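J.: Chain by chain, the residues run as shown.
Number of protein chains: 2
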Amino acid sequence: MSTTTPAYEQLTALHTRLHRLDHLGSIAGWDQAANMPPKGNEARAAALAELATLTHRLRTDPALRCTLEQAEQENLSEDQRANLREIRRDWRAANALPESLVERRQWATSRCEHAWRTQRLANDWEGFLENFREVVAVGREEAARLADELGCGRYEALMDRYEPGMTTAEVDRVFGDLRQWLPSLIEQVTDRQAQEPVLAAQGPFPVEAQRALCGSVMRLLDFDFEAGRLDVSTHPFCGGVPEDVRMTTRFSTEDFLGSLMGTVHETGHGRYEQNRPRDLIAQPVSQARSTALHESQSLSFEMQLGSHPGFVGLMAPLVQKHLGPQPAFEAGNLAKLLTRVKRGFIRVEADEVTYPAHILLRYGIERALVEGEIQAQDIPAAWDEQMRDLLQLDTRGNYRDGPLQDVHWPEGLFGYFPCYTLGAMYAAQWFAAMRREMPDLDARITRGELSPVFSWLRERIWSQGSRWTTDALCGRASGEALNPTHFRRHLESRYR
Amino acid sequence: MSTTTPAYEQLTALHTRLHRLDHLGSIAGWDQAANMPPKGNEARAAALAELATLTHRLRTDPALRCTLEQAEQENLSEDQRANLREIRRDWRAANALPESLVERRQWATSRCEHAWRTQRLANDWEGFLENFREVVAVGREEAARLADELGCGRYEALMDRYEPGMTTAEVDRVFGDLRQWLPSLIEQVTDRQAQEPVLAAQGPFPVEAQRALCGSVMRLLDFDFEAGRLDVSTHPFCGGVPEDVRMTTRFSTEDFLGSLMGTVHETGHGRYEQNRPRDLIAQPVSQARSTALHESQSLSFEMQLGSHPGFVGLMAPLVQKHLGPQPAFEAGNLAKLLTRVKRGFIRVEADEVTYPAHILLRYGIERALVEGEIQAQDIPAAWDEQMRDLLQLDTRGNYRDGPLQDVHWPEGLFGYFPCYTLGAMYAAQWFAAMRREMPDLDARITRGELSPVFSWLRERIWSQGSRWTTDALCGRASGEALNPTHFRRHLESRYR
Chain A
1 MSTTTPAYEQ LTALHTRLHR LDHLGSIAGW DQAANMPPKG NEARAAALAE LATLTHRLRT
61 DPALRCTLEQ AEQENLSEDQ RANLREIRRD WRAANALPES LVERRQWATS RCEHAWRTQR
121 LANDWEGFLE NFREVVAVGR EEAARLADEL GCGRYEALMD RYEPGMTTAE VDRVFGDLRQ
181 WLPSLIEQVT DRQAQEPVLA AQGPFPVEAQ RALCGSVMRL LDFDFEAGRL DVSTHPFCGG
241 VPEDVRMTTR FSTEDFLGSL MGTVHETGHG RYEQNRPRDL IAQPVSQARS TALHESQSLS
301 FEMQLGSHPG FVGLMAPLVQ KHLGPQPAFE AGNLAKLLTR VKRGFIRVEA DEVTYPAHIL
361 LRYGIERALV EGEIQAQDIP AAWDEQMRDL LQLDTRGNYR DGPLQDVHWP EGLFGYFPCY
421 TLGAMYAAQW FAAMRREMPD LDARITRGEL SPVFSWLRER IWSQGSRWTT DALCGRASGE
481 ALNPTHFRRH LESRYR
Chain B
1001 MSTTTPAYEQ LTALHTRLHR LDHLGSIAGW DQAANMPPKG NEARAAALAE LATLTHRLRT
1061 DPALRCTLEQ AEQENLSEDQ RANLREIRRD WRAANALPES LVERRQWATS RCEHAWRTQR
1121 LANDWEGFLE NFREVVAVGR EEAARLADEL GCGRYEALMD RYEPGMTTAE VDRVFGDLRQ
1181 WLPSLIEQVT DRQAQEPVLA AQGPFPVEAQ RALCGSVMRL LDFDFEAGRL DVSTHPFCGG
1241 VPEDVRMTTR FSTEDFLGSL MGTVHETGHG RYEQNRPRDL IAQPVSQARS TALHESQSLS
1301 FEMQLGSHPG FVGLMAPLVQ KHLGPQPAFE AGNLAKLLTR VKRGFIRVEA DEVTYPAHIL
1361 LRYGIERALV EGEIQAQDIP AAWDEQMRDL LQLDTRGNYR DGPLQDVHWP EGLFGYFPCY
1421 TLGAMYAAQW FAAMRREMPD LDARITRGEL SPVFSWLRER IWSQGSRWTT DALCGRASGE
1481 ALNPTHFRRH LESRYR
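Residue numbers (this note's numbering), protein chains in the order written: chain A, 1 to 496; chain B, 1001 to 1496.
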């Protein structure tokens, strides 16, 4: 440990300040989704934009270049050096793009996203294209500039925002593997399940009972309610700050599984945040490692654990307690309901077997789009071809349930989609590693001993923050690099 | 209207920025009281302190002195000139005290307030004194510096923070009048009411029913739910931002009148904020005029209108609808319950007749304390003497229900208390003016026509923001300066 590190300390002071200001933005953002009445929107947007401008200026202070260089000459501990690496990554991201491009992006995406809300409902692809072309143009310019800066491919440069260090070669490798076996697995599973009786749950399910059920399951999952809450929003998310996690869900009186499993999913995100390293909480090195790693936690909770027959056995009495007894709530039937596989148009409604098909499709299209190999107007044809190929569905003319279904493209979030399936693969890899280390893991889960799972995740993932690169973290946690075999084995053993 | 006002525009741009940043602080502050789980507190306090430091730096930028002087030479409209006057007032307040004193105050009050929470419960006056002496010392130094700056008396200088332009001579005039007739009025009213039967309401009253009742009454009072909400907090307040007002209340299943009338009170604050001038919403000239003026709105709602027999006649069916019928909810009995007068120890539980006695007492003590005429340890004796004199109550040894009952002194808010009773006086004056202009006002209220009341308040008070000094606003609204006779007539006609 060094005794005098003035430049490094200047940088940590800046990030403490940013952490505190971002706290206000996170809470105001959560409130906007969970509480805010409609007439507050304009003032809230202006307030959040003011904060974004302010923190962007702090991040792009020209003096920082020199401070960073000085800090790199200082005698730092290993943790400090990891933090400095992440501080530089943050600095590079903030400084990579000229302010004019940042503003152009802001303008293009907010216009496109706003119009998309109605265009989606109206199935208006042509109207969408008018705004979306500019979003694509901005995305390509960002990609070109970031690729120059990082010395990598264009799509890769955008992906780096969410998955630092991930390469298209690596995604191609693991997604290529997936594409080999996924369509036939879907075929086998749906054929088998067609023969298998399952009882549908009989609604309606009162909202207050569902809310209480979600609370019970969050407690089962060790969510710390002294450091977070569950509220309601149109689009569920996990926000707030690590010291005060704000999860949301949405309730339908016709379907309790959506709110329940959505809550289990967000609880995975929430516990990752609640258990980030505390001593450096304000520093970049304490941040969750990446988007795929975050998704690996929500999917560890929702899929690996949440749909595990042993865990379903723990949930079933809670479901019966809060929603009243009925034959469909018997554990075996509940497990069947949670693992029902059905080809469908909509990604967010997909089960864990067909979900990756939606990602393969989007990855191929958005990568070609960013690289300039296709144009925006080519998307529907590419979409239809892929949907036929992967899920045997005809999407011609159905833009609403096709390329207009997600908010990511209108918002210009190219490079994000692969993280969902990378997260599912990491989650399967964590549980495979746990089983190697604890051969009785499944029996313990079934007995209600969940602490081995939580301890493993806390030690290997949550408490590591961003100390290691994703590859190093993955190796340290599971003993090997990202290996899609575990995901395949997981799906085959649960579904085939 | 001038065509080139670059210095003025620099100032309005700064205040637009401050308005947006304050928005985040207001919402985070509301959330802290209404939602935040306990482990979020430290991070929230740090985030709010960071914001306070940031906005204080923006307000004390040394370049502003020159910009203000330049703006005063520019060719401004009347509204712009009023705004510039308020911008200067804001600037003076931010720059009047050295940063060391601001920090000392922060440290002293947060320490004192924090300890007070347990000391109050423990009746620990001596323990309180240890911290409170420093709060008094800081208050005196602030008062001395502000008095030099403003060229006025020391206590007056502190009062100016809440009631700009208010003098101790004026407070002495109107409070002197009050002291003449209040004790004998209390005597008469309590004697008369002792003979008068009244039915107590029979609980319990379920929280959800009370919440729905509060919502109905807020709708009756034209609260705009598209631009605000009602939530729950330990200490009810009206926060948020003018575009999105966040009111809170608290529910007890034993007492529905507390939450109901507390909500009516906060709705008065809320509608003032919701109806501030929109075109200049980010500017100081759009701010509510003063603390007493704000209180005049909450008391116009709670006391002038809320306990008006005609309005009680409108509320009674809503009470019966939400809480179920019972004899005590008959309009005449409800009006009696709302106007019951009883001498008591606690200010916040006092009725409108005895409330001013609590303020007379606090005004006398805190003024003498700030001016150095008494010391902190002299407070209990002075308190007891005044309580005997004004309310015939013995408070010896009972610090908890005596000088330890309010948060104002531990927080160093000297000069605030008079605003409560000044507000009650202004409220009575507004309704006296309304009755002069609309002789059938009471009949209209009884018929459920509340819009004349709201229109009058909107035109004369809400929409005026801070365009005028308080005196000028009062004169324009009611045709005369602050006149305590109206408050006396109001109490005498309702209670004697």
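Just so you know, the hints here were simulated from the structure itself, not pulled from any lab data. Note that the structure is a prediction, hence the values are computed from the model and not measured. C-beta atoms are modelled at their ideal positions from N, C-alpha and C, and glycine is treated no differently. Certain hints may be false.
[Claimed, not checked] Pair ranges (Cβ atoms, derived):
{"#": "1", "chain 1": "A", "residue 1": "Ile346", "chain 2": "B", "residue 2": "Gln1106", "range": "50 to 60 Å"}
{"#": "2", "chain 1": "A", "residue 1": "Trp107", "chain 2": "B", "residue 2": "Ser1463", "range": "27 to 37 Å"}
{"#": "3", "chain 1": "B", "residue 1": "Glu1009", "chain 2": "A", "residue 2": "Glu254", "range": "47 to 57 Å"}
{"#": "4", "chain 1": "A", "residue 1": "Gly475", "chain 2": "B", "residue 2": "Arg1278", "range": "36 to 46 Å"}
{"#": "5", "chain 1": "B", "residue 1": "Thr1053", "chain 2": "A", "residue 2": "Arg396", "range": "50 to 60 Å"}
{"#": "6", "chain 1": "A", "residue 1": "Ala63", "chain 2": "B", "residue 2": "Thr1053", "range": "15 to 25 Å"}
{"#": "7", "chain 1": "A", "residue 1": "Gln70", "chain 2": "B", "residue 2": "Glu1009", "range": "35 to 45 Å"}
{"#": "8", "chain 1": "A", "residue 1": "Gln70", "chain 2": "B", "residue 2": "Gln1106", "range": "30 to 40 Å"}
{"#": "9", "chain 1": "B", "residue 1": "Glu1449", "chain 2": "A", "residue 2": "Ser100", "range": "32 to 42 Å"}
J.: The structure should be examined with respect to each hint, and the outcome stated for every one.
T.: Verification of the hints:
1. A/Ile346 with B/Gln1106: 50 to 60 Å: Distance hint for A/Ile346, B/Gln1106 holds at roughly 53 Å.
2. A/Trp107 with B/Ser1463: 27 to 37 Å: Given a distance of about 34 Å, which is inside 27 to 37 Å, the answer is holds.
3. B/Glu1009 with A/Glu254: 47 to 57 Å: The hint (47 to 57 Å, Cβ to Cβ) holds, given that B/Glu1009 and A/Glu254 are roughly 55 Å apart.
4. A/Gly475 with B/Arg1278: 36 to 46 Å: Taking Cβ atoms as reference, A/Gly475 and B/Arg1278 lie about 59 Å apart, which means the hint is violated.
5. B/Thr1053 with A/Arg396: 50 to 60 Å: 59 Å Cβ-Cβ, so the 50 to 60 Å window holds.
6. A/Ala63 with B/Thr1053: 15 to 25 Å: holds (20 Å)
7. A/Gln70 with B/Glu1009: 35 to 45 Å: holds (39 Å)
8. A/Gln70 with B/Gln1106: 30 to 40 Å: 33 Å Cβ-Cβ, so the 30 to 40 Å window holds.
9. B/Glu1449 with A/Ser100: 32 to 42 Å: 57 Å Cβ-Cβ, so the 32 to 42 Å window is violated.
In the structure shown, a violation is registered for the earlier hints numbered 4 and 9, in ascending order.
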